[in-house]
Amino acid sequence: RKEVEQDPGPFNVPEGATVAFNCTYSNSASQSFFWYRQDCRKEPKLLMSVYSSGNEDGRFTAQLNRASQYISLLIRDSKLSDSATYLCVVSTVGGSQGNLIFGKGTKLSVKP
Amino acid sequence: ETGVTQTPRHLVMGMTNKKSLKCEQHLGHNAMYWYKQSAKKPLELMFVYSLEERVENNSVPSRFSPECPNSSHLFLHLHTLQPEDSALYLCASSAAGLAGPTGELFFGEGSRLTVL
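If you read the protein sequences in the order shown, they are chains A and B. Numbering-wise (the numbering used here), the first sequence opens with residue 5 and increments by one. Numbering-wise (the numbering used here), the second sequence opens with residue -19 and increments by one.
Incorrect hints may have been included.
[Said to hold, decoys possible] Quick list of the computed label-pair ranges, beta carbon to beta carbon:
#1 B/42 x A/22: 23 to 29 Å
#2 A/44 x B/63: 20 to 26 Å
#3 A/24 x B/-6: 42 to 48 Å
[Stated by the list, open to error] Just a sample of chain B residues kept apart from chain A, beta carbon distances all over 10 Å, derived:
#4 22
#5 44
#6 51
#7 90
The hints are simulated quantities; they were obtained by calculation from the structure and are not laboratory data. Just so it is clear, the structure is predicted and the values come from calculations on it, not from any experiment. Note that CB positions come from ideal geometry on N, CA and C, so glycine has one too.
Chain A extracted, bound-state conformation (with noise of 0.2 Å):
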């Protein structure tokens, strides 16, 4: 089972759709998951952290399911803008600078 596994997508939704990515991870001992961007042919940024509460920035949404092992992202309201490869991060503490763990990323595309 991979580490961190992401439906690859493309999703093609139109302007002002609901989206939602998922992610699973395989790895129990995980603290701290995160979502990045990536737009094409740019590098990696954050966008969010994932907090075991749930937490919302603007229109985008993030849970966690620890049972399930399971995080998900919900774009809400979607934007041309918000095209871009989205990387579900996780990571586990155990003294390691390296201890990042990337999924594939699942693309988006808006369309007009």
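Since the structure of chain A is already known, use the hints to place chain B on it.
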């Protein structure tokens, strides 16, 4: 403008060449990373430096050789590469110490490498 700059942005090299990728961060961070991004694969961590000391080497072939002369600069020296090494090489930095990254990595725009 990104706080992490990488040069060159594009590099084409033959299998017998020796070249270097350079990364500089202007964010005052104390950890720097090299990642490899290939098509249809997740980002792969290659090397981590914390306070200029290498703390992680993820079974990377010896044809890739990192160097971190100070906390602001990171190099990746390349020699006798293979065509399958063609990828986007991303440098990143973070503020965290040895406890591990907080989750916010700041990436450079990457160096796209093509090995002929």
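How the hints compare with the structure:
Distance hint check for residue 42 of chain B and residue 22 of chain A: the Cβ-Cβ separation is about 49 Å, which falls outside the suggested range of 23 to 29 Å. Our hint of 20 to 26 Å for residue 44 of chain A and residue 63 of chain B holds, since their Cβ atoms are close to 24 Å apart. Under the hint 42 to 48 Å, the C-beta atoms of residue 24 of chain A and residue -6 of chain B, about 46 Å apart, fit the expected range. A cut-off of 10 Å between C-beta atoms contradicts the statement that residue 22 of chain B is not in contact with chain A; the least separation is 5 Å.
For residue 44 of chain B, the requirement that its beta carbon stay farther than 10 Å from each beta carbon of chain A is met, with the minimum near 15 Å. Residue 51 of chain B, annotated as away from the interface, keeps every beta carbon of chain A farther than 10 Å; the closest lies near 13 Å. Taking the minimum C-beta to C-beta distance to chain A, about 6 Å, the non-interface status of residue 90 of chain B is violated against the 10 Å cut.
Checked against the numbered hints above, the structure violates hints 1, 4 and 7; every other hint is satisfied.
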